[in-house]
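Asks: Dock chains S and H against chain A, hints included.
Protein chains in written order, with this note's numbering: chain A, 1 to 571; chain S, 1 to 114; chain H, 1 to 248.
These aren't lab readings, by the way, just hints derived from the structure by calculation.
Be a bit skeptical, because a hint or two may be false.
[To be verified] Among chain A residues calculated to face chain H with C-beta under 10 angstroms, some are:
#1 P109
#2 N185
#3 T189
#4 G220
#5 P250
#6 L252
#7 I371
#8 D527
[Said to hold, decoys possible] Stretch by stretch, here's where chain H covers chain S in the computed footprint (C-beta under 8 angstroms, at least three residues):
#9 36-48
#10 86-99
Just so you know, even glycine gets a beta-carbon here, dropped at the ideal spot from N, CA and C.
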Amino acid sequence: MSAADLPPGLPGGPEPVRPNYLNWSYTVRDWLLTIDHKRIAILYLVSISIMFALGGAAAAVIRAELTSPTGRMLESETYNKMFTMHGVIMVFFFLVPSIPATLGNFCLPLMVGAKDLAFPRLNLLSWYLYTIGGILALGAMIWGGVDTGWTFYTPYSSIYSNTNVAVTVVGIFIAGFSSIATGINFIVTVHKMRAPGLTWFRLPLFVWAHYATSVIIVLGTPVVAITLALVVTERLLHIGIFDPALGGDPILFQHMFWFYSHPAVYIMILPSMGVISEVISCFARKRVFGYEFVAFSSIAIAVFGFMVWGHHMFVTGQSLYSGMVFSALSFIVAVPSAIKVFNWTATIYKGQVWFTAPMLYALGFIGLFTIGGLTGLYCASLAVDVHINMTYFIVAHFHYVMVGGATLGYLAGLHFWWPKMTGRMYPEGWAKLAAGITFIGFNLTFFPQFIVGYLGMPRRYHFYPAEFQIWHILSTAGASVLAVGYSIPVIYLIWSLKYGALAGPNPWGAAGLEWQTPSPPPSHNFDTVPVVTWEAYNYEEDVDEQAEKGRESMPGVVGAIEEEQHRTHEH
Amino acid sequence: MEHTSQEHPEHNEAGSSHITPWTVYAIVFVVLLVLMGATVAASFIDLGPGNNILAMGIAIFKAALVVTFFMQVGGSSRLTKVWAALGFIWLAFLFGTLGDYLTRNWLKVLHPGW
Amino acid sequence: MSAEVAEEHGHGHAHHPLQCHQFEDMDQQNETYIVGMWSFLVTEIMFFGAMFLAYTIYRNENPAVFIQAGHLYLLKVPGGINTVILLTSSFTMAVGVYHAQKANRILQVVFLSLTVLCAFGFLGVKAVEWYTEIGLEHHLPGPGFQYKVTPEEMKEHLGTDTLPAAQASVPASKAQLFFCLYFAMTGLHAIHVIIGILIIGTLAIMVARRHPAAKYYMPIEMAGLYWHFVDIVWIFLFPLFYLIPKKG
Numbered sequence: 001m002s003a004a005d006l007p008p009g010l011p012g013g014p015e016p017v018r019p020n021y022l023n024w025s026y027t028v029r030d031w032l033l034t035i036d037h038k039r040i041a042i043l044y045l046v047s048i049s050i051m052f053a054l055g056g057a058a059a060a061v062i063r064a065e066l067t068s069p070t071g072r073m074l075e076s077e078t079y080n081k082m083f084t085m086h087g088v089i090m091v092f093f094f095l096v097p098s099i100p101a102t103l104g105n106f107c108l109p110l111m112v113g114a115k116d117l118a119f120p121r122l123n124l125l126s127w128y129l130y131t132i133g134g135i136l137a138l139g140a141m142i143w144g145g146v147d148t149g150w151t152f153y154t155p156y157s158s159i160y161s162n163t164n165v166a167v168t169v170v171g172i173f174i175a176g177f178s179s180i181a182t183g184i185n186f187i188v189t190v191h192k193m194r195a196p197g198l199t200w201f202r203l204p205l206f207v208w209a210h211y212a213t214s215v216i217i218v219l220g221t222p223v224v225a226i227t228l229a230l231v232v233t234e235r236l237l238h239i240g241i242f243d244p245a246l247g248g249d250p251i252l253f254q255h256m257f258w259f260y261s262h263p264a265v266y267i268m269i270l271p272s273m274g275v276i277s278e279v280i281s282c283f284a285r286k287r288v289f290g291y292e293f294v295a296f297s298s299i300a301i302a303v304f305g306f307m308v309w310g311h312h313m314f315v316t317g318q319s320l321y322s323g324m325v326f327s328a329l330s331f332i333v334a335v336p337s338a339i340k341v342f343n344w345t346a347t348i349y350k351g352q353v354w355f356t357a358p359m360l361y362a363l364g365f366i367g368l369f370t371i372g373g374l375t376g377l378y379c380a381s382l383a384v385d386v387h388i389n390m391t392y393f394i395v396a397h398f399h400y401v402m403v404g405g406a407t408l409g410y411l412a413g414l415h416f417w418w419p420k421m422t423g424r425m426y427p428e429g430w431a432k433l434a435a436g437i438t439f440i441g442f443n444l445t446f447f448p449q450f451i452v453g454y455l456g457m458p459r460r461y462h463f464y465p466a467e468f469q470i471w472h473i474l475s476t477a478g479a480s481v482l483a484v485g486y487s488i489p490v491i492y493l494i495w496s497l498k499y500g501a502l503a504g505p506n507p508w509g510a511a512g513l514e515w516q517t518p519s520p521p522p523s524h525n526f527d528t529v530p531v532v533t534w535e536a537y538n539y540e541e542d543v544d545e546q547a548e549k550g551r552e553s554m555p556g557v558v559g560a561i562e563e564e565q566h567r568t569h570e571h
Numbered sequence: 001m002e003h004t005s006q007e008h009p010e011h012n013e014a015g016s017s018h019i020t021p022w023t024v025y026a027i028v029f030v031v032l033l034v035l036m037g038a039t040v041a042a043s044f045i046d047l048g049p050g051n052n053i054l055a056m057g058i059a060i061f062k063a064a065l066v067v068t069f070f071m072q073v074g075g076s077s078r079l080t081k082v083w084a085a086l087g088f089i090w091l092a093f094l095f096g097t098l099g100d101y102l103t104r105n106w107l108k109v110l111h112p113g114w
Numbered sequence: 001m002s003a004e005v006a007e008e009h010g011h012g013h014a015h016h017p018l019q020c021h022q023f024e025d026m027d028q029q030n031e032t033y034i035v036g037m038w039s040f041l042v043t044e045i046m047f048f049g050a051m052f053l054a055y056t057i058y059r060n061e062n063p064a065v066f067i068q069a070g071h072l073y074l075l076k077v078p079g080g081i082n083t084v085i086l087l088t089s090s091f092t093m094a095v096g097v098y099h100a101q102k103a104n105r106i107l108q109v110v111f112l113s114l115t116v117l118c119a120f121g122f123l124g125v126k127a128v129e130w131y132t133e134i135g136l137e138h139h140l141p142g143p144g145f146q147y148k149v150t151p152e153e154m155k156e157h158l159g160t161d162t163l164p165a166a167q168a169s170v171p172a173s174k175a176q177l178f179f180c181l182y183f184a185m186t187g188l189h190a191i192h193v194i195i196g197i198l199i200i201g202t203l204a205i206m207v208a209r210r211h212p213a214a215k216y217y218m219p220i221e222m223a224g225l226y227w228h229f230v231d232i233v234w235i236f237l238f239p240l241f242y243l244i245p246k247k248g
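Isolated chain A (complex conformation) (with noise of 0.2 angstroms):
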């Protein structure tokens, strides 16, 4: 055994780790009290990972029931308990969370050259709100379960479940607490907190996806905070707005859960689109295409993606001329995606293609992203919509954005910035393993669903006609390679922690400011305050020389900044 194997710090071995954000301190106290953004991503980190596992645990059952057309394994009430489960999970604790509060979190502080965000313990009491809606919400649905499905339809949801759906509700209302604040310390961190030299058109696109999410997280979960509030309170007080004995709208209710819900799936997907824009410019060696549009389309996405609302209710006896309204609106909230695909292209055509792990997750999510958006606009037609809505067609036109796209993104940037988070290297073989197997088990799980939505299966059903049980077992087979593709980052990563290749502060050779920060990063994130003097995605110069000429040095500062932060981890 050589002195390299021995752990840093004992006599004869390697030198002690310089101090960083991990290392400083190892007590429960200093962990579940910290101030710290990227301990704080770390705690979310965990909590995600969690969520998804059970959430795809459920999503398991559901496809093990539906191998069996005559729904052999669940009782029906059942079955409609596990498709809550996984929806609400992975909608409201995975899928809005999961980049904006772990990468996020992380990153942007970092990427503006902050020491930290704007109200470090309002982002502390946002994991908090997360974990407390979280268990709260978990609870309901695993003692008892919740059958009314994600969407929470009156009057069944307020007047005639027996289910747990007010404690559940009560959760993701929790929750939506959680969204809000990290997003208002979003928008005021990008605002107010750039570094010196720092312009708008100077940010990496990730920051300009981020801020964009955080308008749609601000001006839109309210709504959907009132109106399940509203469920709730009609539950247990019976004041209620939605029951039609009353003389209430139970579409009303429709009408309030998607103006918030239809801007979600935007909350879910740009965050993984600014993922995007960062792994495709690094492993291309190449600026952005056309970054100007790319970061006013995210804008644009914020913005017209709160007037679609409507085409979740084509059906449901809304007005055919509201009804015509939103469907021109949603084909034309259509373009701004699509203009981000055509500038990734144009990024990687004759870039120096790297193919990395995190490159080929994000070359999966162009493709998937583009089919899941293109079927969007099939049930953005009313006429097709009135034949695919409420089947499986609709199943996988959502799992190809909201997989194909958002985690696919997320898994991009996991593996990024893990070096920059933990200070280790993934191995990259088992890395593009996982994303090969990730790929087809996806495909596999859900492109059988677009033909048998199209043939007439109905979603949330677990009784079908027996023709549609080839594509129901392609599927369920597909969804077994898929959870290989997620069980082998798993291993990896943590495996990663403790023997992993030791990670410079720029193994990618990135653009950025978050790589020019030691791997893992320090407490206060910089040593010396950046100024940013060049333009972002800057991969035609040498990306290290850049920011060295940028830098502002200030004597005596490292030590003064240190004791700051003990002071402020005091209080």
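Replies: Relative to chain A, chains S and H alone:
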């Protein structure tokens, strides 16, 4: 170690900039009360649809006074003004829901028998 | 903050004792807090706004219900008194913020306390109103809901004992919807008033007891923004519920 105002007088006020005199608030308060009286008085008079418009118009004006003066948006940064406006503008998007309710009957009117 | 560190900054100004570590200077910190508070108020606008949407839709669809139930049972006197109380509290809060900015400790406490007093007054009037609505008139939606309008009541409140047919027959079920909206919206508003009392009351106590954090005026300004918002919600609730015209 505390900084006292004698040592560093330029930091006494924690960065507070322009302070609105309280007399401005008093004037706005009186105006708000007068407007409230006007709204109540108008509600006793029958103006047909004008009642609703007048009541809402006065309410909007009162809200604008509170936002501009009491909440000091009138004297704050452009970003604050944008955010204050954006909230109310977004509410208009939400009221787009009315489009459904107002046009539901059109189908029966334009295409009887459908 | 040690003196050596203050000197080494080299820019000629040291960290203000109230400045948090992530900010470069107090101006940035103050502006950040204001923008952050307004972002939160935007969420509140959308939160209440959705209920105003529901109100608009139902009033549009059921004008007779709103006229009858609103006129007969939501009285202008308590509503008006509450409006005056809330406007006054907004004024005292604004003056309280003014004194916080001027660092006048005693006047801060006086005006913040007056604000809390007004808020309690508001809740008191509301309690009387609700006692009448719920306890005496049985208008709380649910199994105990009762709604019956006698010709004498109609004559007294609407000035006539003969109404257009549409207004004469308002089913109890639809009246219940009206009261659902009334209790939900004023209830949500009252919850916000209670939260306001807690926040402003706590700040007043902290200022009175010379708590070190109370040297900073910004939390009081932020509480003021919240309180003015609560006032604005009532400015809209008042005409919509208490001043419904007789002819819709």
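Asks: Hint by hint, say whether it matches the structure.
Replies: Hint check results:
1. P109: Holds - the Cβ of P109 (chain A) comes within 10 angstroms of chain H, reaching about 8 angstroms at its closest.
2. N185: holds (8 angstroms)
3. T189: holds (8 angstroms)
4. G220: holds (7 angstroms)
5. P250: Because about 12 angstroms separates P250 (chain A) from the closest Cβ in chain H, which is outside the 10 angstroms limit, the hint is violated.
6. L252: holds (6 angstroms)
7. I371: I371 (chain A) check fails; min Cβ-Cβ to chain H is 33 angstroms, beyond 10 angstroms.
8. D527: Because about 14 angstroms separates D527 (chain A) from the closest Cβ in chain H, which is outside the 10 angstroms limit, the hint is violated.
9. 36-48: holds (count 7)
10. 86-99: This one holds; 9 residues, not fewer than the three required, reach chain H with a Cβ under 8 angstroms.
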